[in-house]
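K.L.:
Residues per chain, in single letters:
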Amino acid sequence: MANEPASMVTLKIPRPLYERLRQLIIGTGFRSVTEFATYVLRDLASQPQTRQDTDRMTEAELEQARQRLRELGYL
Amino acid sequence: MIHPHGGKLVNLVVSSEERDQLAREADLLPKLHLNQRELADLEMISTGAMSPLEGFMAESDYRSVVDSMRLGNGLVWSIPVVLSAKTEDHRKLKGGDRLALADDEGRVLAVLEVAGCYQVDHDYEAQMVLRTTDEAHPGVQYLRSVSPWYIGGTIHLIRRPEHTDFLRYRLDPKETRVLFAEKGWRRIAAFQTRNPIHRAHEYLQKCALEVCDGLLIHPLVGETKSDDIPADVRMRCYEELIEGYYPRDRVVLSVFPAAMRYAGPREAIFHALVRKNYGCTHLIVGRDHAGVGNYYGTYDAHAIFGEFEPQEIDITPLFFDHAFFCRVCGNMATKKTCPHGKDDHVMLSGTKVREMLAKGELPPSEFTRPEVAKILSDAGR
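Those protein sequences? They're chains A and P, same order as listed. Its first residue numbered 1, the first sequence is counted upward by one per residue in the working numbering. Its first residue numbered 76, the second sequence is counted upward by one per residue in the working numbering.
Warning: the hint list may mix true and false statements.
Here are the in silico distance ranges between beta carbons for each label pair [unchecked claim]:
1. P:219 / A:72: 31 to 41 Å
2. A:72 / P:405: 36 to 46 Å
3. A:62 / P:308: 16 to 26 Å
4. A:59 / P:188: 27 to 37 Å
5. A:42 / P:281: 41 to 51 Å
6. A:60 / P:104: 44 to 54 Å
7. P:92 / A:42: 35 to 45 Å
8. A:6 / P:421: 39 to 49 Å
9. P:162 / A:44: 49 to 59 Å
10. A:72 / P:92: 20 to 30 Å
11. A:62 / P:378: 38 to 48 Å
12. P:445 / A:62: 35 to 45 Å
13. A:25 / P:259: 37 to 47 Å
In case anyone wonders, no lab produced these hints; they're calculated from the structure. Ideal Cβ placement from N, Cα and C applies to all residues, glycine included.
Whole structure, please, built from the sequences with the hints as guidance.
P.N.:
The following block contains the structure:
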């Protein structure tokens, strides 16, 4: 039993963010910041491509950027 | 590619379909004329250089940044980015109001969706952000010149501020990101400067380049104090230097449109976060970065990075000591790498260099490249 990994781990977040979240959950039914953060992170984790997608430019935008870089002599 | 601060590169330039409609609406809205710093901020916010900001700071973000160097959501941000009221009427703006933002010639550039107007204590802001309330500090002088009423809100950019200078060197964050990707660079060091590049700066840049794939020389061309060397003179120095002494395929020269705050350590954090948005993975931080006079300790801009977890900043600072040419070593060095005394080092203060140039004398080649010295000397005449 002692060698089994714990079923929960501790995450560290900045204190101002913690305080802000503590205020946010008042009256929402979430009993703790931990419960709220777990809910939000589960939701985020169910959409694994979110972060990459927001960074991605369309092919047309990419070509427009390349064209300008060529015109300016960078490429 | 390194992620933008907050995970998403902001783009507030409205689509061509929306532009005409928004411009017509803006004609009927109350107008606010932006000053030079605010114009620069407008452009940088709108093009994602200041991601995750999507407008001028509302009160909660402003107070959180001033007090704790974090936005209301906890993300690190060290410098207030604010819009000052210009008339009594602006102070009456409330959440949901809309305001047209114009340049000094009255051209409407954006619509601001107002979150609110709030009063601040400039002395408190100066002490917290600039670490001084001394009237001689250029940042304090700026605060004294604007209203203590700030207007927060989200930007919808109709058209960009007009530029007539450095047009071939103006790249947005999304463009530098594409450029670095096209060049196949994964580790990119940024060099922030508002001064000519002398041998000491060249040494830091080349040390950084030894451990990175590419170098972005990113001189600030926004508003600076009147006795700083003009940006057009500095640009000629950079061009000459790159032509003669740098590997062209490893260096990018592009201008950084921000205004200078002279906030020393806090501005070093700001410069790091913004360069991350441009796609850089490293930032060169020399002695007294973004400092002025004797307001900050030599290494305060290094120490401040220790107040955050590295992953919160994400871009890696490369800290450097003061560099010089050592006659005994026969090369550039710092006190970290050179065992010899000051008598063997070629070190000149900015004041001494200005005096030499004023007299028509050129600084020694161990201090500055002859081509750079000549440009500075010609400009000083």
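K.L.:
All the hints need checking, so say for each whether the structure fits it.
P.N.:
Status of each hint after checking the structure:
Remark: the range hint 31 to 41 Å for residue 219 of chain P to residue 72 of chain A is upheld by a beta-carbon distance near 39 Å. Restraint check, residue 72 of chain A to residue 405 of chain P: a C-beta distance of roughly 39 Å satisfies the suggested window 36 to 46 Å. Against the hinted window of 16 to 26 Å, the Cβ-Cβ separation of residue 62 of chain A and residue 308 of chain P comes to about 36 Å, which falls outside the hint. For the hinted restraint 27 to 37 Å between residue 59 of chain A and residue 188 of chain P, the CB-CB distance of approximately 31 Å keeps it satisfied.
A beta carbon spacing of about 48 Å between residue 42 of chain A and residue 281 of chain P agrees with the range 41 to 51 Å that was offered as a hint. Against the hinted window of 44 to 54 Å, the Cβ-Cβ separation of residue 60 of chain A and residue 104 of chain P comes to about 32 Å, which falls outside the hint. Against the hinted window of 35 to 45 Å, the Cβ-Cβ separation of residue 92 of chain P and residue 42 of chain A comes to about 37 Å, which satisfies the hint. For residue 6 of chain A and residue 421 of chain P, the Cβ-Cβ distance of about 60 Å falls outside the hinted range of 39 to 49 Å, so the restraint is violated.
With their beta carbons about 44 Å apart, residue 162 of chain P and residue 44 of chain A fall outside the hinted range of 49 to 59 Å. Take residue 72 of chain A and residue 92 of chain P: their Cβ atoms lie about 28 Å apart, and the range 20 to 30 Å holds. Between residue 62 of chain A and residue 378 of chain P the beta carbon distance is about 40 Å. The supplied range of 38 to 48 Å therefore holds. Distance hint check: the CB atoms of residue 445 of chain P and residue 62 of chain A are about 42 Å apart, consistent with the given range 35 to 45 Å.
Taken as a hint, the range 37 to 47 Å holds for the pair residue 25 of chain A and residue 259 of chain P, whose Cβ atoms sit roughly 46 Å apart.
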